[in-house]
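Engineer: In case you want the letters, here they are:
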Amino acid sequence: MKFTRSAKFALAVAASGALAVSLLSPASANTRSTVVVHDTNSLTSFNSGQPDTNLTINGAVGYLDTIGFNYYDDKKNVIQNRVFGSYRITKNGATDFRVTYTVNPGRVWSDGTPITAVDLLLSHVLSSNDYSKAAGLGDPLNKSNPSAFDSNGYSGTYSNNIAGEPTLSADGMSLTLRYKNKIANWDLFGPGPSPVHALVLMSEGKKALGTVAENNAAKARFLAAFNSKNTNVLRAMGKVWSTDYDIADVNSSTNPLLFVGNGGFLVQSAVKGSSVTMKRNPRYNSGPALSGSVDTVIFRFIADGTAASQALANGEIDIYQGQATADAVAALNRIKGVTVRGGIQSCYEHWDTRVNAAPGQPAYNGIFKGHGGRGADLRRAFLLAVPRAEINEKLIAPINPDVVVLGSTFVSPGEEGYDRLVANNGSNFFVGSQAELNAKALRLVKKHFPSASPSNPVAVKVLVPGANARRAAEFALAKANAIKAGFDLQGDVQTSWSPRIQNTEYDAMFFAYCQTAVSQTGTNSNFRTGGGNNRTGVSLPNLDAILDSMQLPLSRSSYISKVIQAERIIHAEGITLGVFQFPAVTAFNSNLKGVKPAALSPTLVWNWWEWAY
Amino acid sequence: MLSYISRRLGISIMILFGSSFLVYNLAAYASDPLAELRLSNDDSAQQQIAALTRQLNLDVPPPLRYFLWLRGLLGVFVGNLDLGTTRDGLSVQSELAFAIPVTIRLVLVATITALLLGLALGIISALRQYSRFDYGMTFLAFLLYSLPIFWVAVLLKEFMAIQFNNFLSEPNIPFSWMIFFSIFTGVFWSSLLGGERRRFWTVFAGAFATNFVILWAIDLTDWYLDPGLGIFLIAFLSVGIAFGITALSSGLADVKAKKAALVMAGLAIAWYYPAQWIFDNYGSYLTIFVMVALVIGTGVLVAGAFSKIDRGPIARTAILTGVLCGFLILIDRVMQSWKEYSATDAVNYRPVPTFGQRKDQLVTEDFWLNNLDIIMHLILPTLALILISLAGWIRYSRGALLEVLNQDYIRTARAKGLNERVVITRHAFRNMMLPLSSLFVGEFVGLVGGAVITERVFGWQGMGTLGIKAINTYDLNLLMGVNLLLSFLVVTGNLLADLLYSALDPRIRLRK
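Going line by line, the protein sequences match chains A and B.
Numbered according to our numbering, the first sequence spans residues -12 to 600.
Numbered according to our numbering, the second sequence spans residues 8 to 519.
Be aware that one or more of the hints could be misleading.
[As the list claims (entries may be wrong)] Here are some chain B residues pointing at chain A (derived, C-beta under 8 Å): (1) S51; (2) R61; (3) L97; (4) Q100; (5) R139; (6) D367; (7) R463; (8) G466.
[Unchecked claim] Sample of chain A residues lacking proximity to chain B, with all beta carbon distances greater than 10 Å (derived): (9) S156; (10) G353; (11) G419.
For the record, the hints were derived by calculation from the structure and aren't laboratory data.
Even for Gly, the Cβ is constructed at its ideal location relative to N, Cα and C.
Isolated chain A, as found in the complex (with noise of 0.2 Å):
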């Protein structure tokens, strides 16, 4: 009975307590100015350049204080900053194509010193394998003398197609490269600003911000450096650049030069594995004027979608982004105070057919084997029994509505051009009721195999990728319907399916590629006889010569023009046929605005100016 007489004691002190106390209060919530944003992925380096540490967060946390001459909106549009600086091409030749880079006058580091043209010059350093060798830094495709600068720029298009080294002008504001041939998207390989003051001197083991004058002396000495080709010098920024970022955690003993930037916010500290704490930059001058009531940005790490969106609802987040599924977008739609938005991802799901054997595999003789004919006859009519609609109403459309099937591989909705595009390249065959499309894939099926029927199939071995859930359902639609227009799907679920959809075995495969550029040649190297990403086996001379002609700087008509001439042959030939965008879910705090999200990395934070509360 001992509780009874505690708790009548307890009830006592409880009472007098009571007249002890006054009523409380909660004081009203101050007017907020941080942003909390949540990624699924933890922070790995402040880095995002270096082959390993190419993550999404690491490249979000980059481009909040790192601003440059142009950027991707949500529309997947390449936006100039004319804040910054601007861009043209200066000479138009075939075999001499200039393009002249122009930074602002009046533009500054976070440290204050003058951002000029020599901060574009590291750009070619991380990009041009020629440079790199020239300079004794290393060759970034030999194995065991790899660059000193561990980046993931050499090796493409710039170091392809780049001539000698870019040149500045005599008031040291403007950078011109010249190409040696004319290149499609060239905007988009242009040079960044990179604060190389800050390297050169971190490289000379400096652990404090120097004065502007110390500054501009270090920035004079890369400089001399670069011209030169002096190897120990770019050897030693190399080093820093490649490793001191790798670092997670950061606090007041961190070297502040690792964090001298030209954003609207800089890192002011980070937790590994937590969070990231971003500071407006009172010296911002780089690029669209801040909405002004946001002073911090907050990067936290939550892997669980189901966790994330909890603590949205509990106002511990501000921006939650990820996990697409049904139940997810169901959950968040029922918080109150939050506002969800469907979308996209970069990636879009498509279903391919085997034209014969790739590059370095065995000979393919199965059904769809040969260009034209019964090849195609037969290709196209596999895709006819791809039930497309009925995929994207049951998998896609719970989580976004807006969901449509897709009519290119190269272009995807919404972009400009995209209506004209999906009128005139043939992705009108694939489109109907879908006992329509079955009964014309019947139609086509029995030209070559007169006796089959849903009885008696003709069997299509199928590559299922595994351990996803998504695509299992999808192959489950698939093969239902396929029955109907008289194929027999087999599939082969492989855990490790990428590389093996080269795999001649296969006469069918579906699965994404994803984007993280908008360019004219993106999926080129898909159909391109040879290509790197050409799987299928595909090799058409014509298509090849469109292909080739897409390579040039184009206007936009003309690109889509070029287009429709592609996924004509395409479509004729049953080759690839898109099914849809893949759907991502983002829900924020109602009382933000702003918010935008975009499918290309980096995603939402691509508009941070434009955070307001």
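Given the coordinates of chain A, work out where chain B should sit on it, guided by the hints.
Structural biologist: Chain B only, in chain A's frame:
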């Protein structure tokens, strides 16, 4: 003994190598670290593939690559351990070194609490076999057994964080809830204390009324906005602790022990105001450590003052009482920071968090605010872990005690006239711990191995999260690091369990 241990160690090492070879090859053949890059149309994809291949030796076939990895591992004998790098270019050792303390912090409190609570409930349940309480505990145990932790976690977050925070913004306990909670409390205590029907209803009525009034008082004073125990409640609870500890530790009949415990409680109460001043001005772990040391020293002195002979049990009673009373004062001090904590910009009047280890935007030097922050972040995951593992301990300890109680030596102990307290605590309790000791070792492995799901659901970056990340990103070196550590712990844990057995039970001898 020595030959037994060395033989076991030898076998353990063989098992470690064998399992690591198997896991390495299985994982290497099942995963493709380059999958994503192969399908990328990124301009730099080729460069990235080349760099990853170089960094992770992907051009070497897995069975041979295993030996490259093994070479780094064997470097431990020349003081140069190298478990390789993760895909993100981080050292696997440093990742493990970062994750282990996180996991221990998460799991330690939960494990100990679940263990103590589970043992206590299991023992009471066994002592009242086939009573209402026993059935209640059996029901509870099976209920908790069947709950998946991710679901428990979601519910806890919904009701104890999100809804509770909402409640704090407009605090008002509805009348119906007060009644409901009070009925629940009444049933719990009356079942726990047991007895005749009349006693049952008396206890029920008392507990119901007390609980109702407490809730009502809490609601009226908005206690949850600025909580604290206050000196009166601490004084009252301290005296209660003194009696309770004496009853369990040496029996209330031991007058000297009772007096010593009461003196300790009195000292704690007298110490309340000075402690406040010290806590406010010198709040640190060192202060707390010194205070605990002082309490222990005082306990020994007090015991010495009351008795010249048989000081052990008296000192034990005094020290336990002192430490628990001091703990109350500590809790009170942490509670005093609640109001300030709630009002910080980082917390913004939503003090119960749903994820993470800390509020990183809470930048303060204040020892108490920082610790309250850590405690708040520990509450939900700890509760979830306790709920899940409690069931097992209740069942194990109940079964173990019942078995021991049926032994002949218990009957002998009773027959020779020992009182029930001594029979239970000295004869039964010690013997029931024998079978449980091997389970402790399993818990120890889990302590470092991490609560995979709990960590993920609550956003803790411990061993479990590391393991999941390794699997999801096809990070072979990281996976091997986690796997190696876990298999090492399992193997040594089993060895320890065997040694512990023979140490605890003289009847067991280790032979070849």
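Engineer: Hint by hint, which ones does the structure fall short of?
Structural biologist: 4, 5
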